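Asks: If you want the building blocks of each chain, they are given just below.
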Amino acid sequence: MHDRRMRFFNLARGAAAISIALLVAMIFILISSKTPWTAMRYLLIGPLLSFHEGAVIFNAQYLYQVLAATIPIIFTGLAVTVMFSANQFNLAGEGCVLAGGFVGGVLGVYLNINSGWHWVVSVLIATAVCGVIMLIPALLKVKLGASEMVTSLMLNFIILYVVLHYLNFHFADRTKGATMTKEFKPTAIIPSLVAGNSKLTVGFIVAIAATILVALFMYRTRWGYAIRMIGINESFSLYSGMNVGWTIVLAQVIGGMLSGMGGSIEVLGRYQTYLWRDLPGYGWVGITIAILAKNNPIYVPLAAFFIAYLNKGCLLMSTYCDVPVEMIDIIQAAIFLFFAAEQFLSGYRQKLVVKTTQEDLMKLDVNQLRGGGKSHA
Amino acid sequence: MLEQLFQAIFKADFLFAVMRITAPILFATLAAVVAEKAGVVNIGLEGTMMITALFGFLFAYWTQSWVIGVLGAALVGALLGLMMGFFSLKLKTDIILAGIAVNMLGGGGTIFLLNMFTGLRGNTGNLVTPNILIPTIKIPLIDKIPILGEILSGHAVLTYLAFIFVFLMWVFLYKTPVGLNIRAVGENPDAASSVGVSVLKVKYIAIGLSGALAGFGGAFMSMYYSQGWNSGFVAGRGFIALAARAMGRGEPVGGMLSSLLFGLAQALRTKVSGLQGVSSYLVSLIPYATTLLGLVLYSISLRRKERKHLIRPVKP
Chain W
63 MHDRRMRFFN LARGAAAISI ALLVAMIFIL ISSKTPWTAM RYLLIGPLLS
113 FHEGAVIFNA QYLYQVLAAT IPIIFTGLAV TVMFSANQFN LAGEGCVLAG
163 GFVGGVLGVY LNINSGWHWV VSVLIATAVC GVIMLIPALL KVKLGASEMV
213 TSLMLNFIIL YVVLHYLNFH FADRTKGATM TKEFKPTAII PSLVAGNSKL
263 TVGFIVAIAA TILVALFMYR TRWGYAIRMI GINESFSLYS GMNVGWTIVL
313 AQVIGGMLSG MGGSIEVLGR YQTYLWRDLP GYGWVGITIA ILAKNNPIYV
363 PLAAFFIAYL NKGCLLMSTY CDVPVEMIDI IQAAIFLFFA AEQFLSGYRQ
413 KLVVKTTQED LMKLDVNQLR GGGKSHA
Chain R
6 MLEQLFQAIF KADFLFAVMR ITAPILFATL AAVVAEKAGV VNIGLEGTMM
56 ITALFGFLFA YWTQSWVIGV LGAALVGALL GLMMGFFSLK LKTDIILAGI
106 AVNMLGGGGT IFLLNMFTGL RGNTGNLVTP NILIPTIKIP LIDKIPILGE
156 ILSGHAVLTY LAFIFVFLMW VFLYKTPVGL NIRAVGENPD AASSVGVSVL
206 KVKYIAIGLS GALAGFGGAF MSMYYSQGWN SGFVAGRGFI ALAARAMGRG
256 EPVGGMLSSL LFGLAQALRT KVSGLQGVSS YLVSLIPYAT TLLGLVLYSI
306 SLRRKERKHL IRPVKP
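Chains as they are written, first to last, in our numbering: chain W, 63 to 439; chain R, 6 to 321.
Heads up, a few of these hints could be off.
[Said to hold, decoys possible] Negatives, chain W to chain R, calculated, CB over 12 Å:
(1) Phe71
(2) Ala77
(3) Ser81
(4) Arg236
(5) Ser302
(6) Arg332
[As the list claims (entries may be wrong)] Simulated crosslink set (DSSO-like; lysine-lysine; CA at most 30 Å straight-line):
(7) R:Lys310 / W:Lys205
(8) R:Lys143 / R:Lys16
(9) W:Lys417 / R:Lys97
[Claimed, not checked] Quick list of the computed label-pair ranges, beta carbon to beta carbon:
(10) W:His232 / R:Lys16: 31 to 41 Å
(11) W:His232 / R:Ala17: 30 to 40 Å
(12) W:Asp235 / R:Asn131: 27 to 37 Å
(13) R:Lys180 / W:Lys413: 42 to 52 Å
(14) R:Gly127 / W:Ala117: 31 to 41 Å
(15) W:Ala117 / R:Ser70: 47 to 57 Å
(16) R:Leu302 / W:Tyr287: 34 to 44 Å
(17) R:Lys206 / W:Gly207: 27 to 37 Å
Derived from the structure by calculation, the hints contain no laboratory data.
Nothing here was measured: the structure is a model prediction, and the numbers come from that model.
All C-beta atoms in this analysis are idealised placements derived from N, C-alpha and C, irrespective of residue type, glycine included.
Based on the sequences and whatever the hints tell you, model everything.
Replies: Here it is in structure tokens:
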């Protein structure tokens, strides 16, 4: 009884947080748009349904596009989930996505494997490289006590400029107008799952598989247990004999690897050449997703779908109406603030708890009375 | 090549540039210092600077007065700080997540707001007029001293203000009752509350002040440094400030010294990128790499000191 009520409360609270975020978005749309109702229609239902002269049609290609957009953010969401579970506020997922994308992209151009293994090998190497990169903030934290938050933020910029340097001076294709690498070999491009131009690739299946693996790792292995336990109480973990330092490093390296994998899969799945010239932002979105998923890997794809859906909605809204696409950041920030708020609607929770307890006590009283009656009789 | 570099560095205008570049980082560093003294990690400095830079510029543009712009930026910064405070202290959102939310608003939200208010996309373009820009002042006597005058005189009002704030911050933290409360709350909130200090109120004051200081930094960026607002132009200064605070041992003066170090690194970057045969991208990472390196060295020294303390016998 009690559990069911609390679960319902948590669901309702999440829904309320999301509703507030959407309400904030709507207020901004009302202020800034000349056609607010059309804009809202595109934002909320545009990503799945398209409108033709009054008729509403389900658009499968749009659905594929939304699913395709979840691929990189499932990976970064998982990465953040693992790192935040160990209470490691490592924010270098952003840089690792870029580094992974770049390494994967370069391998896609220059590696000589004439089979379907080409992209697999490229992605795996990019994954490993990003794991190694993440050793920097992890070891600095464990060995020197330097805040992983600050070092990882600096690392993002360092990665960005190192990548730009190598892109411009070593791997740029000078025959093209913009700065990008040569085209990927056909074997390096991740095959598509569906017909059309939606970019829904095998990467999506890899992302789902990664979700399952991370969930198993976190809840069915002792390393995952150690990571979660350190997040809950580091001192307890230390006194109970866990290798806290090693586990902290492990969590961050896994985070780096997942981010790097996401970056390389995104680059090799979506583009023909490597062309990112700025931090792509997936690392930050990953944090939103981890919050929406309450740090539980299983919910990450769902949260990623939600964000990708909103993103697509914002994109449609900015294409067909006069609302800038950056609306998504305002929505995300609002979700962030309310969804992560532990005390949001706490007054209501308090009432629920009191009510439940009172009911329990009443039941207890009744049972005792009955029990008492029996013993007398 | 090195010779060229040295020639460029040992000039008054280089040190002038160091001061100019340091100023916004210094504002943000002081913001980080005061927040963290009260035990609040303000990771939202980056976003606060982006947002206040925009609003400072817009206020100044609407009123054609740089003073109102700067004050408006500080006010918006304080409000953002209080908002973070409300969410973290009242609704118990993790303060780091609240900060990241502010950074998101600073990243994309500002582009949206700029578009909403002016219809422009990505930068303020030709809205800049001389009225908006923060004026520079010549200091009467120092101006006449040959090299020192060139370095110290002719800066923007806010540049001087940044360095004055270092002193004021020290006075505030160590010589006023509120400052004492802030430090007490940061060191041990339970002890502070047991002697009747309102921990919540003190934390609100600290984070509001932190936001206001970041607001000055933001105004400096859009109304003097870049002479206009454009997306992403704070470029990690808010994050660098967090590192500067850590390296400066969380003290105003220490923070100033490490801010100067980053100012130096950034000024070096502009000088080096002017030279032939140097990758502009590798040069761009100098400030960030310096920050990382500085943080590492600082952490090592801290570890050593801790070890010494552990080994030293306890005096009776």
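Asks: Please test the hint of 31 to 41 Å on the beta carbon pair from Gly127 of chain R and Ala117 of chain W.
Replies: holds, 37 Å
Asks: 34 to 44 Å was suggested as the range; check whether the CB atoms of Leu302 of chain R and Tyr287 of chain W agree with it.
Replies: Hint holds: Cβ distance 36 Å, inside 34 to 44 Å.
Asks: Is the hinted range of 47 to 57 Å satisfied by the C-beta distance from Ala117 of chain W to Ser70 of chain R?
Replies: Holds, at about 55 Å.
Asks: Is it the case that Phe71 of chain W keeps its Cβ farther than 12 Å from each residue Cβ in chain R?
Replies: holds, 16 Å
Asks: Between the beta carbons of His232 of chain W and Lys16 of chain R, is the distance compatible with 31 to 41 Å?
Replies: Holds: the Cβ-Cβ distance is about 34 Å, inside 31 to 41 Å.
Asks: For the hint 27 to 37 Å, verify it against the beta carbon of Lys206 of chain R and that of Gly207 of chain W.
Replies: At 31 Å between Cβs, range holds.
Asks: According to the definition I'm using, a residue is off the interface if its beta carbon is farther than 12 Å from all beta carbons of the partner; does Ser81 of chain W meet that for chain R?
Replies: holds, 16 Å
Asks: Honestly, do His232 of chain W and Ala17 of chain R meet the 30 to 40 Å range at C-beta?
Replies: Distance hint for His232 of chain W, Ala17 of chain R holds at roughly 38 Å.
Asks: Are the Cα atoms of Lys310 of chain R and Lys205 of chain W separated by 30 Å or less?
Replies: Holds: Lys310 of chain R and Lys205 of chain W sit about 15 Å apart, inside 30 Å.
Asks: Closest CB-CB distance from Ser302 of chain W to chain R, is it above 12 Å?
Replies: holds, 23 Å
Asks: Next pair to validate is Lys143 of chain R with Lys16 of chain R; report whether the Cα-Cα distance is within 30 Å.
Replies: holds, 19 Å
Asks: Given a hint of 42 to 52 Å, does the C-beta separation of Lys180 of chain R and Lys413 of chain W actually sit inside it?
Replies: Between Lys180 of chain R and Lys413 of chain W, where Cβ atoms are some 47 Å apart, the hint holds.
Violated hints are absent here; each numbered hint is respected by the structure.
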